[in-house]
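Position 91 (the sequence shown) corresponds to 91 in UniProt numbering; numbering is contiguous.
Please keep in mind that the hints were generated in silico from the structure rather than gathered at the bench.
Heads up, some of the hints might be wrong.
The calculated lysine to aspartate or glutamate pairs, modelled on EDC-like cross-linking and capped at a C-alpha distance of 16 Å, are [said to hold, decoys possible]:
1. K52 with E8
2. K66 with E33
3. K52 with E33
4. K66 with D4
Quick caveat: nothing in here was measured; it's all calculated off a predicted structure.
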Amino acid sequence: MTLDEAREGQRCRILALPGRGIRAQAIRFGISEGELITCTSVIPGGPIIVAKNRQEIAIGRGLAQKITVEPVPAPHPVKSPARRRAYGLPRS
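Can you build the whole structure from these sequences, using the hints too?
What follows is the structure, given as structure tokens:
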């Protein structure tokens, strides 16, 4: 699948970046093949907003159509009360 097919909130692993120039630009933003990203927003007819760590990047639709990704399942929620406290999460 390509990045423009990702849905909001979906986690993806980048499989392929097209061309040397695009790859070099992506590396400057900390994105390379094999990286996990999250699609935070899809603007109709516009860019795809992706997040990695605490940084969000807008990727134009044309470029997103050339980036090959695979969906990655979301991590399991932390259920143990001790682990929730360790992560500073509220009680459920």
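The hints, checked one at a time:
1. K52 with E8: holds (14 Å)
2. K66 with E33: It holds: about 13 Å lies between the C-alpha atoms, which stays within 16 Å.
3. K52 with E33: This hinted pair holds, its Cα atoms lying about 13 Å apart.
4. K66 with D4: Within the cut-off at roughly 9 Å; holds.
Of the hints listed earlier, there is not a single one the structure fails to meet.
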